[in-house]
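Engineer: If you want the building blocks of each chain, they are given just below.
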Amino acid sequence: MVGALIIVFREVIEAGLIVGIVLAATRAVAGSRRWVALGVLAGVLGSCLVAAFTASLGQAFNGFGQEIFNAAILAIAVVMLTWHNVWMAQHGRELVDELKQAGREVLEGRRTLLALAVVVGAAVLREGSEVVLFLYGVAISDGGSGLSILSGGLLGLLLGGLVSGLTYFGLLSIPTRYLFSVTSWLIALLAAGMAAQSASFLEQAGLVDILSNTVWNTSGILSEKNIAGRVLHTLVGYSDQPSLLQLIVYLTTLAAIFLATRMAARPRLTNPSRQA
Amino acid sequence: MPSRWLPVLFLGLCLASASALWAEDVVTYEITLRDKAFSLTEIKVPAGKPFMIKMVNANAAPAELEAKELKIEKVAAGNSTIVVRVKAMEPGKYLFVDEYQEDVAKGYVIVE
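Chains A and B, in that order, give the protein sequences. Per the working numbering, the first sequence runs over residues 1 to 276. Per the working numbering, the second sequence runs over residues 277 to 388.
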């Protein structure tokens, strides 16, 4: 039971953290919880679909369909996170200050919520399909221990939800005036980590064969496999054996988001009365 | 915002270069997962050369072939076959497992 709990928890921890961060980052936007819930629901349904089609997905692209699928999902999430950060740089302060929102803004607010719902859905989908497969496997090869493993798995899922809650309330304990910049940084780091992981999947698929040498190996100090490693992997994109390509993609994404956010925030300073 | 399209562009470039890379000649090592064990508990591989591992999952239950240091993490549906690609490795002993039963189903890739 403990084994199953650990396997499932390890898979859902990433999604749990992301849901918590997204909830905190969009707290000021009306209707955000509903969108996050929709994202989770879509992710769960998607997980079942992906699990059902694992075999055909695996055979696509000369047997590297899974890797390409993962790389694409992550790339989409990176785009959405970047977009959200840029949008928040333009409008976030107004939302935080609870200024009156123009109709257009509410509409765009919905769009950025949609973007983040996609991110949540993607996170749940990626890890969720593995959980579904694992639990399905247990269910069909029941050796008497099936029920115990299943309950271990469900406990693991519950713990994942607990991670979301802890992340959310942890972030909310930050004073409101700092919360915005903290979540922006978290989202930028999250996106950079996902971009690096996307690159890693492309390497695994054999689509990219450059800069593949390992930059460092810290698996002895902090393995990506244990819980602490997983958390850091999600939050800041920690990798115990990154390739040079992963490192470059990571830094480039971080710099690109930083620049895009700065550029998006600038016009407001020169024309602060635009929304009045 | 042009930066927003960077990942898309990146992905496109990679897909474009795909066929060329797939054409290269790489040795494939085959293993079978049956019940709680792999058919080979040791795969000997020459150092400094990329290689592939083909895993036949002979069980009805899904499996996940995982070797962290070899950057392998791939699920296999019940009664299906997967292929993973590993870059050129330094000499060493690298653990691989079926993550769904990692205490029992394991083996090593020995690079020498």
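Simulated from the structure, these hints should not be mistaken for lab results. Be aware that a few hints might be false.
To be verified - The calculated DSSO-like cross-link candidates involving lysine-lysine, where the alpha carbons are at most 30 Å apart (straight line), are:
1. B/Lys320 x A/Lys225
2. B/Lys330 x B/Lys382
3. B/Lys344 x A/Lys225
To be verified - Some chain B residues flagged as far from chain A (calculated, every beta-carbon gap over 10 Å):
4. Asp301
5. Ala313
6. Phe314
7. Leu316
8. Val351
9. Arg361
10. Lys363
11. Tyr376
12. Glu388
Glycine included, every Cβ here is placed at the ideal spot set by N, Cα and C.
Engineer: If a hint holds in the structure, say so; if it does not, say that too.
Structural biologist: The hints, checked one at a time:
1. B/Lys320 x A/Lys225: 25 Å, holds
2. B/Lys330 x B/Lys382: Holds, at roughly 15 Å.
3. B/Lys344 x A/Lys225: 8 Å, holds
4. Asp301: B/Asp301 is indeed farther than 10 Å from all Cβ atoms of chain A, at 13 Å.
5. Ala313: Its Cβ never comes within 10 Å of chain A, the nearest being 14 Å, so this holds.
6. Phe314: Label holds. Min Cβ-Cβ 16 Å, cutoff 10 Å.
7. Leu316: Given that every Cβ of chain A is farther than 10 Å from that of B/Leu316, nearest at about 20 Å, it holds.
8. Val351: Given a closest Cβ separation of 6 Å, the condition is violated.
9. Arg361: Check fails; 5 Å does not lie beyond 10 Å.
10. Lys363: B/Lys363 not clear of chain A: closest Cβ-Cβ about 5 Å, inside 10 Å.
11. Tyr376: 5 Å, violated
12. Glu388: B/Glu388 is indeed farther than 10 Å from all Cβ atoms of chain A, at 18 Å.
Violated hints for the displayed structure, listed by number in ascending order: 8, 9, 10, 11.
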